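S.K.: Next come the chains, spelled out residue by residue.
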Amino acid sequence: MDLGILFGFLGTWVLLGWALMAGGNVFAYVDVPSIILVLGASITVVFFCFPAGNVKRIISVGKKALFHKNRPVEQLIADLVSYAELARRDGILSLESAMADIDDPFVVRGIQMAVDGSDPELIESVLNSEVENTVERHEVGKALYDALGKYAPAFGMIGTLVGLVAMLSDLSDPSQIGAGMAVALLTTLYGAVVANAIALPVADRLALRSSEEVLYKTIVIKGVMSIQSGDNPRVVEQKLRTYLPPSKAAAEAKEAA
Amino acid sequence: MDLGILFGFLGTWVLLGWALMAGGNVFAYVDVPSIILVLGASITVVFFCFPAGNVKRIISVGKKALFHKNRPVEQLIADLVSYAELARRDGILSLESAMADIDDPFVVRGIQMAVDGSDPELIESVLNSEVENTVERHEVGKALYDALGKYAPAFGMIGTLVGLVAMLSDLSDPSQIGAGMAVALLTTLYGAVVANAIALPVADRLALRSSEEVLYKTIVIKGVMSIQSGDNPRVVEQKLRTYLPPSKAAAEAKEAA
Amino acid sequence: MDLGILFGFLGTWVLLGWALMAGGNVFAYVDVPSIILVLGASITVVFFCFPAGNVKRIISVGKKALFHKNRPVEQLIADLVSYAELARRDGILSLESAMADIDDPFVVRGIQMAVDGSDPELIESVLNSEVENTVERHEVGKALYDALGKYAPAFGMIGTLVGLVAMLSDLSDPSQIGAGMAVALLTTLYGAVVANAIALPVADRLALRSSEEVLYKTIVIKGVMSIQSGDNPRVVEQKLRTYLPPSKAAAEAKEAA
Amino acid sequence: MDLGILFGFLGTWVLLGWALMAGGNVFAYVDVPSIILVLGASITVVFFCFPAGNVKRIISVGKKALFHKNRPVEQLIADLVSYAELARRDGILSLESAMADIDDPFVVRGIQMAVDGSDPELIESVLNSEVENTVERHEVGKALYDALGKYAPAFGMIGTLVGLVAMLSDLSDPSQIGAGMAVALLTTLYGAVVANAIALPVADRLALRSSEEVLYKTIVIKGVMSIQSGDNPRVVEQKLRTYLPPSKAAAEAKEAA
Amino acid sequence: MDLGILFGFLGTWVLLGWALMAGGNVFAYVDVPSIILVLGASITVVFFCFPAGNVKRIISVGKKALFHKNRPVEQLIADLVSYAELARRDGILSLESAMADIDDPFVVRGIQMAVDGSDPELIESVLNSEVENTVERHEVGKALYDALGKYAPAFGMIGTLVGLVAMLSDLSDPSQIGAGMAVALLTTLYGAVVANAIALPVADRLALRSSEEVLYKTIVIKGVMSIQSGDNPRVVEQKLRTYLPPSKAAAEAKEAA
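Chains as they are written, first to last, in the working numbering: chain A, 858 to 1114; chain B, 858 to 1114; chain C, 858 to 1114; chain D, 858 to 1114; chain E, 858 to 1114.
Extracted from the complex, chain A is given alone in its bound form (with noise of 0.2 Å):
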């Protein structure tokens, strides 16, 4: 898992607890009716938006989102260049023992059709088929918690007019109106922290996520049909390499002077 997110999330969140303490009553922030209004509403809507079977997957797809990190490009390269190597030297069918090693799925797929001597063009067909699905996927995701971001502060203004509409109904004891003020706002509070705290960031991040994923399988992919075809291993890397970002290309080329 990436620190960064950690740092992040847990960064974010004590914040906001801590601006909550520091008014001096953490409880004048809790107010049941209203948490349940604004999480359910904006949970039961998502469910009206998207089919069930989306908005159930969704929730595997943004934890995996988060939580999953695939190993460093550069590494994903050497491999695959190590691959190149041994399937020059022992032939392509060699590759068959390796790859009780490699535990990336998307990598075993591609290098068992091409030791199956599979056609090259139903190799890239099936592996790009796969990043579009990939694509739809964190799309799908990224749809779903933009979803939750706009409805959430929408549900979260609704509890607040429901609010002000009883308390203004019934201006009888002057002495509950800044109460009851206070509890109509903080519908529009927790609208407003499950948006920008939760759902707004994670949308953000499966956007990336997403890029990074397709940057990845795209790797494979061209090393995959390299291995096949039986390039050289030094014009794998040189091929594979001209998907590093700039920064890493530059380390790299330091390195090698």
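Quick caveat, the hints were computed from the structure, so don't treat them as lab data.
The structure displayed is predicted, hence computed values, not measured ones.
For each residue, glycine too, the CB sits at the ideal point set by N, CA and C.
Treat the hints with care, as some may be off.
Simulated restraints on C-beta separations [claimed, not checked]:
1) E:L979 - A:K926: 30 to 36 Å
2) B:R946 - A:T1075: 39 to 45 Å
3) C:A957 - D:I959: 45 to 51 Å
4) D:I893 - C:D1030: 29 to 35 Å
5) A:L896 - D:S986: 53 to 59 Å
6) D:Q932 - C:V1071: 27 to 33 Å
On the provided structure of chain A, position chains B, C, D and E as indicated by the hints.
M.R.: Chains B, C, D and E in isolation, oriented as in the chain A frame:
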């Protein structure tokens, strides 16, 4: 009907109703003139924006989009593969008798044209133009619900301004100020509820349903074209299987293993 | 004129008027200087944004877009097919005499060019450039009404700020505070009404009307090109029928069955 | 200069001024520190966003965009046709002497290149790159005014928050509360006026002016290319006439009839 | 460093500081917990959204984007033309010794590859991929500052809601109401200042800087390709001159005349 939608729709409204009753006096939230203004003007303004024909057609489209459920894609593929087997074994004309058991008119139309020996290009263009029509119909439906989600809060705000001006023009009885403001806020509440608990979720749903329908119909078209060109049923299955989302494809792969 | 528009327009304004009268004192909502500010500045700022020629032309475009109604597409297709039959039977020159009965100048122009024996490519490019002009004219019209829908609420808010500052600068007579705020809010109300009950619905309508016109004129162009190339009337009908929306196409198919 | 702009600009500001005076005390709306904050910060932040060179160039671009008026397109076409006639009758070199009377440098440059016998492709690419430069210059200008229209209200709101905090921190003299809030609101008012009565209309205008310039220069390029290739003047006229908006084309067609 | 940025940045902050002091008591605007909440949560949430690596790299990118200044494009073109002359006169290998005086590593890399006799296509693809990397790096940087500009006001609003609830929950001492609201509003003020006086202008600047860099590097690539193919220096100059903005091109044309 998708149970998730039922849960989402009822859950959202039960929570809203519960929130209103939590205030103790649910009648404080009912103001008939405000309801007429917000609901009425939201609907009339939609007639102002869209041709009456669309507005009428849209209710049926909306209902169909929410309640209609395509057969699962896996079953569709299995059916198309069985038709391909039949056509391979007994000749394409043998599908004539099988059609009585098919209840999806889109599949029937495609197979009928194949049985009639129509030109493949004609079949594809006729079926594709129906897909385009489906997309356009869903887009018109989504546009209408988006308009409702835009104008309902706007007329809610207009209603609140009307109420505030009325209240502020006559402050002679201070005890009425609270009640006046409460009533004024109700239209904003109604507008927000119409938008966020009806119009916008339906619009989101229609966008999704549209891409589901396109996927479904694309599979039908590919299947019919494959059947007509006399493809091997296993090839038909492979081609159609690439349209499955990855989780289902994986599940099937596991079963196959 | 589309009865739906009349219903939509009148319905919206009757509901607004009824809401104003519900307050008991409709004159509380009339403040002539506020009306002059919001309406006046919304109009002058549109002259600031757009060339005077456009602003003038737009009123006619807007009126035409709202009140002009093309013949139903089905009838247009029937007419074009009957011209194709006439041309097939008696030669294309026989359309010369038929043109006196056609009252759509776009159809007349197309058929006149076909009768004159103009080059097909020239006919298509001249008619297409007229379609592009139509689209551009509608886009300019929509841009103007969108501008009105953007600036009217903005000047409404400016008017309210002006009124609030005036009221707050002189609080010497507390009994005037309510009335002052009421008047200040009126400009916001006017701005919201101009935007949501006039400008934005007209802009939405123009967008739709534009695509209707494009559909209508595309059918005319395809029809004229078919007539000129001497297509069989049945083929002309089949070609043009593909432009019908699916519900109408289905209805016709049923009748045919 | 377009009279419509003058009417639009002056009309908007006269209405605003009249609204301020309607309150009886125009000085209530003048707070020099607030003006300095909103105007000053809106301008400095634009220097923060854009290179100083752009900011300087933009004022001239803005002025030119508002006050410069191209010759009417009809007259441009007539001129280009007359050059085509001259070139046809007396040879293209005869345009050399005619150029002294042309005051549009873009037309002069194009004809000079044609007279010099430059390669047609070179002429077209040089003139096209100038059109691209014009578009880019207008886009930079529009971006700057859009930025002004975005930051002026933002700093207006910041000013209001500063004023509200100052007022709320010291409520010892209740009679000053109204005056304090009035002054606080002034920055929001200034920001809204700068955005809606200056920056955004100018940005809208620049977008339109840009497409006008592109149309104008496109006609010049087509005309010069036609003259250079020795087209018949009537053909030149026909080609250029297709760029006229439909209302003008119709008017000319009527005159021709 | 661009003096305009310095003026823009300092000017904005001097005006803000002056506005705070104008209230008489600058300490009223300093509330350490509020600063920690808004600044802290805006930063932690950015770590939540973006990989820690990006967040770190971005500070350097941001600094470079604000302070780094490319040589003027005219001078770059003059340099490239002089290299072309040298290569033409003394052979391309003579550039080897000239490279010691070039301090732009991008130019050095391009010329080194040309001197090494690399394949032109390879040179172009290597340099182009560096341009793409530059663009992507700037886009990531802009995305981060845009996120800061989105979340800072959101957490400002959350802080204000927290403060309002605290104040409204305990109205026992009315003399504290004003001070409580003032403190509550401070977080909204901080959020608006972070967004509008730091994050959004930097994001705007990065967008511009990105297109400047692309222009600069595109000129280098075209120049290196021209030098490698042995183009006449005058031709090199003509080619590169087409990338100059029109005002500079015109100035040079005047000097040339």
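S.K.: Evaluate each hint against the coordinates.
M.R.: Okay, the hints, checked on the actual structure:
1. E:L979 and A:K926 have their C-beta atoms about 34 Å apart, which keeps the hinted 30 to 36 Å range intact.
2. Taken as a hint, the range 39 to 45 Å holds for the pair B:R946 and A:T1075, whose Cβ atoms sit roughly 43 Å apart.
3. A hinted range of 45 to 51 Å for the beta carbons of C:A957 and D:I959 is consistent with their spacing of about 48 Å.
4. For the pair D:I893 and C:D1030, the supplied restraint of 29 to 35 Å holds, since their beta-carbon distance comes to about 33 Å.
5. In this structure, A:L896 and D:S986 meet the distance hint of 53 to 59 Å, their C-beta atoms being roughly 58 Å apart.
6. In this structure, D:Q932 and C:V1071 meet the distance hint of 27 to 33 Å, their C-beta atoms being roughly 31 Å apart.
Of the numbered hints given earlier, the model fails none.
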